[in-house]
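What follows is each chain in one-letter form.
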Amino acid sequence: MSMTPMQRTLAALGHREPDRVPLFLLLTEHGARELGLSIEAYFSRAENVIEGQLRLHRKYRTDCLYAFYYAAIEVEAWGGSTLFIENGPPLCAGPVIRSPAQIDSLQPPAIAGAAGLGRVLDTIRGLKARVGDTVPIVGVAISPFSLPVMQMGFDRYLDLIFDQPARFERLMQANIEFTVEWANAQLAAGATAICYFDPVSSTTSIPRELYLSTGMDVARRVLPRIKGPTATHMASGRVMPILGDIADTGTAIVGVSALEDLAELKAAAHGRVALLGNLNGIEMRRWSAEQAEFAVRRAIAKAGRGGGFLLGENHGEVPYLVPDEVLLAISAAAERWGRYPLDWIEAWQKDNP
Amino acid sequence: MNDQVRAFRALLESLDRVGAENAISQALTAMTPIQVIDQIVVPALEEIGRAWEAGEVALSQVYMSGRICEALVEAVLPPSDPDRKHQPRSAIVTLSDFHMMGKRIVYSHMRASGFELFDYGRMDVDELVERVLADKIRVLMISVLMLPSALKVAEVCRRFKEAGVVVRVIVGGAPFLFDDKLWREVGADAMGRNAAEAVALVGGWMQEMEA
Ligand code: B12
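Order-wise, the sequence lines are chains A and B.
Under numbering that gives the first Met the number 0, the residue at position 215 of the first sequence is numbered 214, and the numbers go up by one with no gaps.
Under numbering that gives the first Met the number 0, the residue at position 195 of the second sequence is numbered 194, and the numbers go up by one with no gaps.
With the rest of the complex left out, here is chain A (with noise of 0.2 Å):
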């Protein structure tokens, strides 16, 4: 008997085998190339976008509709402007905090005064409205504590958290109402989930240490207040030595990156969260279909028996330079070996240590 993708994902993220490993397959940009238009002309309207999601969930038959749009969307609310290019995700224009004393009167914007945050909330509303319960919707927020990289520019960002505690705290502060009613509002217009990306506090980025007083610390504020599931997503940075800290901040699942052994992670995630990853979205570009199959193989037979995995790229987001012939043969490969129970396991990996 064949499940709906939400009733496998459910029984995945319950740590039960489903009928087969979800294939969340985040796609973007990929909606535009399916409509045939440019990615501003797609991005300027939710019609178009509630179109792309579904087109793609049917071509890929993935697992999920990803509400995501572009994490500068979030920075046009602060006042920002955004740069799009053609063969690739948009880009935040330029620092919305020039100066770190600009933080001192920062106030969080309203999400309904936001026109592209309203965009993505039409296309939830939209996608609902086509898919009721049956494929779970997926809406982003970016973390207050990452959201400043854009907001004022990484090197910027680093010199406030070591060289000014107060300002750092009170930009936190400011960001975790926005992130709390952003997240909120996708919720209440009928997302299943809200992936939390924060790779600044990946140890690709900072230390465990400074992410016990700083990342966590924020996570501790604002996953709580978050009315529905969340996955954390380091967006391809590292997390092996913070898994369980991640765990502890009440989060689902964690998204992990290509970089780390996902039998490892596997076993540190211990039963806590499930993973979300981790084919390398990069390298994907010019797979041929037999490295595919093999990636997807791979992954599966690392982290597939048990449940709490769900199979995808290890970013979040697919690269718009990845040919639709890749897609085809992840999803075909997915569907052939993603079956429970997975018994070609231990003979395929005594081939392929």
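Worth double-checking, as some hints may not be accurate.
[As the list claims (entries may be wrong)] A few chain A residues that face chain B, going by a derived Cβ cut-off under 7 Å, partial list only:
(1) Phe153
(2) Thr202
(3) Ser204
(4) Ile205
(5) Glu282
(6) Pro318
These are calculated hints, taken from the structure and not from any lab test.
This structure is a prediction, so every number in the text was calculated from the model and none was measured.
A virtual CB, placed ideally from N, CA and C, is assigned to each residue, including glycine.
Got chain A sorted already, so can you dock chain B with the ligand onto it with the hints?
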């Protein structure tokens, strides 16, 4: 790694600016500035770079270490000091992206290692090629964070060939870390996995080019 390097590295990783300053002053009583740089500062930064890649040290530590060392070296070895390394004309740029942090780190590591180089900031292909030709640059370091920007390096390299100039191009940034074949695909001469590797590579080329 000798004790002096190990101790200096530990001071940097714990962001102990004052401790690092004292260690360098101490070393300067027995060594020349350039010796201190080559035998203590550079090896310590190299270790930190390798540790970042192994996931043992975080970027915030790499960044702050570079900044601390850059300031230290600036103080003991002013830019015009004749002891600053003889080197091919070099420049660093962030191509197309708005992500300046990778360049910032590599730039401070280069300067902390005694190199002088132009900082071009952020540029697109046309402007970059023009500037490199006008400035007669022989070593160009390109930093990117976005995949589409990484692919633009191919255009830059092609334009140098067309112009008939020899510019060694060394690339770095996340896309090159995630796909270790990408630097060859775009026609770069080398890629550095971290800022310290950039220093080692340019150091090596320098000797080759002088020879
Ligand atoms: C933290 C992070 C974020 C944060 C902050 C990003 C930022 N800087 O603006 C947030 C959450 C905001 C974010 C958002 C986005 N991100 Co992001 N993010 C990351 C992450 C985890 C680290 C990036 C970073 O800033 N590192 C710090 C720099 C200094 O590191 P680095 O460039 O690697 O530099 C080191 C070395 O590479 C080397 N080096 C660098 N340059 C050079 C040059 C030379 C010559 C040499 C030798 C060496 C060298 O030395 C440095 C220090 O050792 C990476 C994944 C990863 N694991 O790296 C993704 C990543 C950069 N993000 C990516 C993307 C796509 C995005 C978004 C566009 C997503 C979207 N659709 O909105 C947005 C863009 C945001 C914006 N600015 O507009 C992609 C980019 C590649 C691609 N797919 O095109 C990455 C690589 C993830 C992935 N695996 O695909 N992100």
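Against the structure, the hints:
1. Phe153: Since chain B brings a Cβ to about 4 Å from Phe153(A), closer than 7 Å, the hint holds.
2. Thr202: OK, holds: Thr202(A) within 7 Å of chain B, min 6 Å.
3. Ser204: For Ser204(A), the interface hint holds, since the closest Cβ of chain B sits about 5 Å away, which is under 7 Å.
4. Ile205: 5 Å, holds
5. Glu282: 5 Å, holds
6. Pro318: 5 Å, holds
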